[in-house]
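Colleague: Below, each chain spelled out in residue letters.
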Amino acid sequence: MSAPIIKIDGISKSFGTFKVLDGLSMQVMPREKLALIGPSGSGKTTILRILMTLERIDSGHIQIDGEQLYHIERNGQLLPADERHLARMRQKIGMVFQLFNLFPHKSVIDNVTLAPILTKGMPRAAAEKRAMELLDMVGMADKAKAMPAQLSGGQKQRVAIARALALQPRIMLFDEVTSALDPELVEEVLNVLWRLCSETDMTMLLVTHEMGFAHDFADRVLFFDRGKIVEEGKPDEIFRNPKQERTQAFLKKIIAAGHRV
Amino acid sequence: MTQWSGYFGLILQGALVTIELTLMGSVLALIMAFLAGLGRLSRFFAIRALATAYIEFFRGTSIFVQLFWAYFVLPFIGISLTPLQAGVLALGLNVGAYGAEVVRGAIQSIGREQYEACIAVNLGRWQAMRHVILPQALLVMLPTFGNNAIELLKATAVVSLISLTDLTFQAQVVRSQTGNTLVPFTTILVIYFALALIISWGVRSLERRMARGLDGVRV
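From first to last, the protein sequence lines stand for chains Y and U.
Numbering of the first sequence is given in the numbering used here, commencing with residue 2 and proceeding in unit increments.
Numbering of the second sequence is given in the numbering used here, commencing with residue 19 and proceeding in unit increments.
Excised from the complex, chain Y in its bound form (with noise of 0.2 Å):
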């Protein structure tokens, strides 16, 4: 048994009274895919944005591939990490965001480029000949000269899929990425994810509303409730065969609403 990638202790989170993570603990193992369902406001996204450093823990500490993400370790001691410490973090983990975040004054290209070159020290040529690859995989390659006002949301997000793949990311964060999609334009972004899921050895972790896809992708689902891991299992366990009545009322409640499980 290897080594967890993801090791979180007792971290807890408030917005001003809001308690929204409440001592969590959870653990996520190399190349594992987890899917985290649960009610909005439950914490799930914060998990995600604390992971990428969007935000800071109150307390608790986390581990990323063994190491402290939020402090140093000092003669024994842990101190506060500072934005070096993170810097070199942040290279382990990459996003992708609901609202895609592509910067609108660089074409299609230079946003997958831009961090590769000024981050990596990357030569121009080579950035770009390894975007060009991953907007192939995306099925963007032709839209590489493309401002992102020209794209369509789906397209968009597949864009900033291969923006965050640029860094070659050991974990990948999806947070509700195709919430922000018309309907036809889930598929081609779920489509993606799949090959990501099935070619790549990352760690992927998932918040997402399609409960459909969350359970042919997951090694694991963790469902959330008030900042807490309420229920985790098996996809199969979880969808087909919940323990917990909240885990139970809110399956309910989001296949009446029409999301195919």
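Note that these hints are calculated values from the structure, not bench results.
Think of the CB as a built atom: it goes at the ideal place given N, C-alpha and C, for glycine as much as any other residue.
Chain Y side only, calculated, beta carbon under 8 Å to chain U, not exhaustive:
hint	residue
1	Leu55
2	Ala88
3	Phe104
4	His106
Okay, the calculated beta carbon distance ranges per label pair:
hint	chain 1	residue 1	chain 2	residue 2	range
5	U	Leu41	Y	Leu79	50 to 58 Å
6	U	Leu224	Y	Ala142	31 to 39 Å
7	Y	Gly77	U	Asn165	57 to 65 Å
8	U	Ser181	Y	Lys146	52 to 60 Å
9	Y	Arg89	U	Arg66	24 to 32 Å
10	Y	Asn76	U	Phe62	26 to 34 Å
11	U	Phe62	Y	Glu134	40 to 48 Å
12	Y	Ser41	U	Ser60	32 to 40 Å
13	U	Asn165	Y	Ala250	55 to 63 Å
14	U	Glu74	Y	Ser41	38 to 46 Å
Which residues of chain Y face chain U? A partial, calculated answer using Cβ under 8 Å:
hint	residue
15	Thr54
16	Arg91
17	Gln92
18	Gly95
19	Phe98
20	Leu100
21	Asn102
22	Pro105
23	Leu115
24	Ala116
25	Leu119
26	Met148
27	Ala150
28	Arg164
29	Ala165
30	Leu168
Chain Y is already provided as a structure; the job is to place chain U on it using the hints.
Modeller: The following block gives chain U in isolation, referenced to the frame of chain Y:
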């Protein structure tokens, strides 16, 4: 009958001085606007305080007084400036203070999601500012920068008070020598207006060029 052609040459010379002042003042104003605007957003209190003090001081006192200070008071502490230097300094610092608030506001108008995207692709603070935030913010700044440049152009008229031979100064020369006010002051009115038009056309075409490809994204 007055020999208008000679006087017209005088006014054209004045126009050149006004253009020179406007260009040099705008360059200084632009530099100050970015320095102080970015300074206002600094992580460090001392830099924020310095930038705020500069902005409040130069917005809060009259450009007329600032100019007299630069030209007549600075020599007492050993800094003697030519009228042109004093004019550029006063105009640049004054308009730069207004510009700084434009820079700050434009940077802050860029949505949080752009900053988050920068963190997610691991850009450093300065890299994010330089490659993602500023290029987008520049487009927001441009129209107001155009306004500021026109304000600066019109403010150049005050330098005639420290004997710099700009448009307004020359018009006064012509007026005192010919006794005619209508012709010289109508002429410079038209010239100021034409210069302002050139600035606003220039800024607008710059805006169009920079906005290319962004349609439908930005406001």
